[in-house]
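Asker: Now for the letters of each chain:
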Amino acid sequence: MRTSIYNIYLPFADSEQFILVHGYTGAVDLVSADVVSFLQNLNKDNPNNSMDQKTIETLIGRGYLTEKTQEEENQHILKVATLLLKKYQRVKFPQFAIIPTYDCNLRCFYCYESKLRAKGKEWLKTRITKEQIDVIFQVIPGLCSGNTNEGEVELYGGEPLLAESLDVVEYIIEKGGKLNLSFSATTNGVDLEYFKDLLGDKKIRRLQISIDGPPRIHDRRRFQSDGSGTFQLISKNINMALDRGVKVTLRINLDRLAISGLSTLIRIMEEHGWFSQANFWAYLSSIHCPNKLSLECVLRDSELFQEFDKIKRLVSEPRKIFINDGGIKKLFKKALSNNHFPPLRASFCASGAGMYVFDPFGDVYGCWETVGDAKQRIGRYFPELRIGNDFMQSWSKINITDLPKCQKCKYALFCAGGCAYRIYNNSVSHSFCEDFQICFAKSIVGACREFLQEKSQTLNNSSIDRREVIKDEQKDHVLK
Amino acid sequence: MSKKITSLNDDLLVEISLEELGKKIEFAAAPSSCYLMDTPNE
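These protein sequence lines map, in sequence, to chains A and B.
Adding 1166 to a residue's 1-based position in the first sequence gives its number in the working numbering.
Adding 756 to a residue's 1-based position in the second sequence gives its number in the working numbering.
There's no promise every hint is true.
[To be verified] With a straight-line cut-off of 20 Å between C-alpha atoms, the simulated DMTMM-like cross-links for lysine to aspartate or glutamate are: (1) A:Lys1476 to B:Asp766; (2) B:Lys760 to A:Asp1556; (3) B:Lys760 to A:Glu1182; (4) A:Lys1368 to A:Asp1385; (5) A:Lys1252 to B:Asp766; (6) B:Lys759 to A:Glu1182; (7) A:Lys1245 to B:Glu776; (8) B:Lys759 to A:Asp1180; (9) B:Lys759 to A:Asp1200.
[Claimed, not checked] Under 7 Å between C-beta atoms, here's a sample of chain B residues computed to sit facing chain A: (10) Lys760; (11) Asn765; (12) Asp766; (13) Ser789.
Hints are computed from structural coordinates only; laboratory data are not their basis.
All C-beta atoms in this analysis are idealised placements derived from N, C-alpha and C, irrespective of residue type, glycine included.
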């Protein structure tokens, strides 16, 4: 019997307790510190290391103690990863996105699509045609393993909601509506006023709008062609969208320079009353653009978490603000609430689990970051659908089953090796693994804390209810 | 169950057959897009 190499030990609360997570059994447990000490010392030659039999049996049952050799444990990870990849092939409704045009009305210095401007004005201003849109909605049902009801298609760009694209966006929504599809959009929010009649249920029901800080910072980064700032305009459009019942998620882009404006931005958001709106959320995300942004300016993910801890206290509804942790906290909490195992994954994001981005040139891409670079397309949809090529073959191999170094890592099925685009382009940050571990710990401890608080609240409520019932029964008894 | 351990989930993937494993994995969500964040409490 030995201690599994896939045990993850996370200090909890006062450090007298730990959250213990197992990397392939999916077990999540709250344990006392002496259990952690026992597990960590078991493989060492320490005669005083002991534990009661009942605890040992539980640790075996949960996978923290194992009869498997290290090699057998590595093989088990591969087995789980292979099954996960097979499951992705049966995703009922993959991630679909349509790029009406690569054109944009802003020129953000950190934009990862800025390299596309070299292709010239004519290329940038090319808009998707009605014939192409017709084909997209013919091919979408065939790419789903379930029906398209309740599915959502993302509008992406460039800027998808440019005033000049109104007619094609109208046509996209009309055609999608016939398949019972709804839409979301990743937008800068500048021209949103023109699209107000397309906002709402069964149309564009969800918006992600980016903001870079309070006006003094945002307007220097996200300005219009005449140099005028966009903060006030975007704020007005957010109010308009919220009034129409659209779910608005504000993406707050941060780097080391923008961080100084975060508390002012939160104050402005409070003045607008956004956090009290049921259909509003905001999240912090760091800007990653090594070519345009000096590395000293880029916030590490672990630093972003520190900022998040500080800023959360300033928000009147702390649950309305969150952080880009790849959805780990949310999925973990959901798994605990449903008594399932945590969100294991074999590839990092939707690009490894079925993602189709249709562009105005008839190309299909499998990742946001690759759009516009024909060498990195996964196929064509116009004039007819042809998915699969050499690039897609090499891209689809970027997952845990083809990353031997990652298979030996206890976080393998939670991080899945990281961003496929960065792995493919050999630009993984040197601090990625360290940051992932720090962020994972914060997300999991947060999820477990909230889960335990809610569970204790439910137990309190039910015991209060029970006491009320007993009181009523006693009253009835006295009356009788 | 040991008093030193409070299990927060009971669903496990320890020593089960490939078939059972496949069924359990049906519960697992496919990874989502890195750029679009799901809201935390919807």
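Asker: Evaluate each hint against the coordinates.
Answerer: Now for the hints, and whether the structure bears them out:
Using a Cα cut-off of 20 Å, the hinted pair Lys1476 of chain A and Asp766 of chain B is violated, with the two alpha carbons roughly 34 Å apart. In summary, the hint linking Lys760 of chain B to Asp1556 of chain A is not supported, as the alpha carbons are separated by about 53 Å, beyond the 20 Å threshold. Proposed proximity of Lys760 of chain B and Glu1182 of chain A is supported: the alpha carbons are some 11 Å apart, at most 20 Å. Distance restraint check for Lys1368 of chain A and Asp1385 of chain A: the Cα-Cα separation of roughly 33 Å exceeds the 20 Å cut-off, and the hinted pair is therefore not satisfied.
Using a Cα cut-off of 20 Å, the hinted pair Lys1252 of chain A and Asp766 of chain B is violated, with the two alpha carbons roughly 24 Å apart. A hinted pair counts as satisfied when its Cα atoms are at most 20 Å apart, and Lys759 of chain B with Glu1182 of chain A qualifies at roughly 14 Å. About 13 Å separates the Cα atoms of Lys1245 of chain A and Glu776 of chain B, which keeps this hinted pair within 20 Å; it holds. The suggested pairing of Lys759 of chain B with Asp1180 of chain A holds, with an alpha-carbon distance near 18 Å, which does not exceed 20 Å.
Straight-line distance between C-alpha atoms of Lys759 of chain B and Asp1200 of chain A comes to about 12 Å, which keeps the hinted pair within the 20 Å bound. The beta carbon of Lys760 of chain B comes within 5 Å of a beta carbon in chain A, closer than 7 Å, and the hint placing it at the interface holds. Using the Cβ-Cβ criterion of 7 Å, the hint placing Asn765 of chain B at the interface with chain A is satisfied: the shortest such distance is roughly 5 Å. Because the smallest distance between the Cβ of Asp766 of chain B and any Cβ of chain A comes to about 6 Å, under 7 Å, the interface hint for this residue holds.
The interface hint given for Ser789 of chain B holds, since its Cβ lies 4 Å from the closest Cβ of chain A, which is under the 7 Å cut-off.
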